[in-house]
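Participant: Each chain is listed here by its residues.
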Amino acid sequence: MSKIVDRFRKWKSGPGTIGLLIVGVIFGLVVFFSGGSFMVYANSEKFCATSCHEMGFLAEEHKGTIHDTNRTGYRATCNDCHVPHGYVPNYFAKFALFNDYWGHYVTGSIDTKEKFEAKRYELAKKVWVYMKGNDSRECRHCHTTAKMDPDKQTTKAKARHEKLRTENLTCVDCHFGIAHTEPSGPGPQELNLADPAGK
Amino acid sequence: MPKRLIARARKIVASKSAGLVLLAGFAAGFIGLSLFGTSMIYTGTEQFCAQNCHEMANNNTREYKDTIHDKNRTGVRATCADCHVPHAPVPLYIAKFGALNDLWSHHVTHAVDTPEKFDAQRGHMAERIWTYMKGNDSRECRHCHNEAKMDPEKQSDIAKARHIKAKKEKLTCVDCHYGIAHKVPDGPGPQELEVDKAFISRSAIF
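Line by line, the protein sequences give chains A and V.
Just so you know, we're using the working numbering here: the first sequence kicks off at 8 and counts up by one.
Just so you know, we're using the working numbering here: the second sequence kicks off at 271 and counts up by one.
To be clear, the hints were calculated from the coordinates, so they are not data collected in a lab.
Glycine included, C-beta positions come from ideal geometry on N, C-alpha and C.
Be a bit skeptical, because a hint or two may be false.
Using C-beta positions, here's what the derived DEER-type ranges look like [as the list claims (entries may be wrong)]: (1) 68(A) - 428(V): 26 to 34 angstroms; (2) 44(A) - 412(V): 45 to 53 angstroms; (3) 169(A) - 313(V): 36 to 44 angstroms; (4) 168(A) - 310(V): 30 to 38 angstroms; (5) 182(A) - 427(V): 25 to 33 angstroms.
Partial pick of chain V residues on the chain A-facing surface, computed with a CB cut under 10 angstroms [what the hints assert, rightly or not]: (6) 276; (7) 415; (8) 419; (9) 423.
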């Protein structure tokens with residue numbers, strides 16, 4: 008490795024070296040462009056929901072829920088709820104894919120419907136802990152609390168939304184199991200964040 | 271001047287190692303494109319479109335406030351860029367050049383710098399948007415509102431019936447849903463507009 012670095016350093020320039028600058032610029036553009044395009048593609052429903060065998064179960068559950076089909080046809084797909092929207096945090100989150108590859112190719116941890124169902128509670132809990140931990144940041148990326156019109160909500164919703172502010176609850180505390188099948192066991196409100204493993 | 275600049279650049283390059291030159295080029299390309307992308311995102315934000323610009327802030331932004339795309343049951347919003355610029359990257363970049371026209375009229379012609387002037391031009395400007403939206407089958411509406419994922423059962427009976435009728439009549443979103451985020455000007459609405467064929471092909475690209 009150091010040999011390569013050494014050769015790179017001693018690489019002499021000549022009158023034509025300015026061409027290398029242009030080659031470098033093009034290379035930089037291509038790398039940034041393809042990296043960015045991949046990030047966009049890796050956030051698409053096509054990639055998340057239909058390319059991956061295991062996600063197929065989850066995509067099937069999402070079908071017909073309020074975030075898929077609704078009055079206006081305005082949807083939220085996988086990445087809208089499940090990855091951060093800030094750029095750098097989004098790139099870091101992409102590395103979690105390696106865990107998915109590991110699970111798919113090596114351990115086969117949820118490759119059948121039965122195995123998936125057996126792990127459902129554990130998986131749901133992970134997502135709940137994550138969402139509680141950042142005050143439902145991904146929900147709020149689309150749902151702006153300040154721009155909600157309480158008068159358009161049902162009286163029940165209106166009253167509950169007022170109440171939860173005094174109780175320090177976050178979106179997912181009540182709105183859980185809305186896009187995927189709800190597992191049996193305690194819900195997000197019963198989770199102890201200080202001890203997420205729940206021992 | 272450019273000749274001398276190139277000569278100077280050649281001289282600097284010749285004094286450095288070739289590897290360093292390649293790296294510098296890579297960094298310039300990478301950072302350049304990321305700055306470009308960031309500026310494209312920033313110029314699509316509400317802060318830039320709705321608040322930075324005198325003409326927009328005094329007219330369109332005020333009208334938009336509290337309409338259904340600003341404030342609603344769920345708090346999911348659509349801001350300026352969602353409805354008014356293409357979402358595909360290259361057409362978006364081309365659309366950004368439209369800002370040059372805005373700069374021109376703000377600093378040179380002062381075409382809409384008072385609410386009175388704005389209102390006088392309202393019909394003309396609305397017609398332009400309607401023509402654009404009719405020409406591309408309300409593409410920007412459909413970027414968020416996915417027709418295949420609309421649940422007619424959740425719509426009112428009138429809306430349900432009209433949506434079925436609209437498909438038969440080959441109408442597009444804006445033919446009925448106009449004046450929903452800004453004031454409606456006097457005069458014929460989008461359904462009465464004749465859309466110029468040349469405009470259709472232009473707005474299909476951009």
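Participant: Against this structure, judge whether each hint is valid.
Facilitator: Against the structure, the hints:
1. 68(A) - 428(V): 26 to 34 angstroms: holds, 33 angstroms
2. 44(A) - 412(V): 45 to 53 angstroms: The hint (45 to 53 angstroms, Cβ to Cβ) is violated, given that residue 44(A) and residue 412(V) are roughly 22 angstroms apart.
3. 169(A) - 313(V): 36 to 44 angstroms: The hinted range 36 to 44 angstroms holds for residue 169(A) and residue 313(V), with Cβ atoms some 38 angstroms apart.
4. 168(A) - 310(V): 30 to 38 angstroms: Cβ of residue 168(A) to Cβ of residue 310(V): about 36 angstroms, so the range 30 to 38 angstroms holds.
5. 182(A) - 427(V): 25 to 33 angstroms: holds, 29 angstroms
6. 276: This hint holds: residue 276(V) lies near chain A, its Cβ roughly 8 angstroms from the closest one there, short of 10 angstroms.
7. 415: For residue 415(V), the interface hint holds, since the closest Cβ of chain A sits about 4 angstroms away, which is under 10 angstroms.
8. 419: holds, 5 angstroms
9. 423: holds, 9 angstroms
Figure legend: structure checked against the earlier numbered hints; the only hint not met is number 2.
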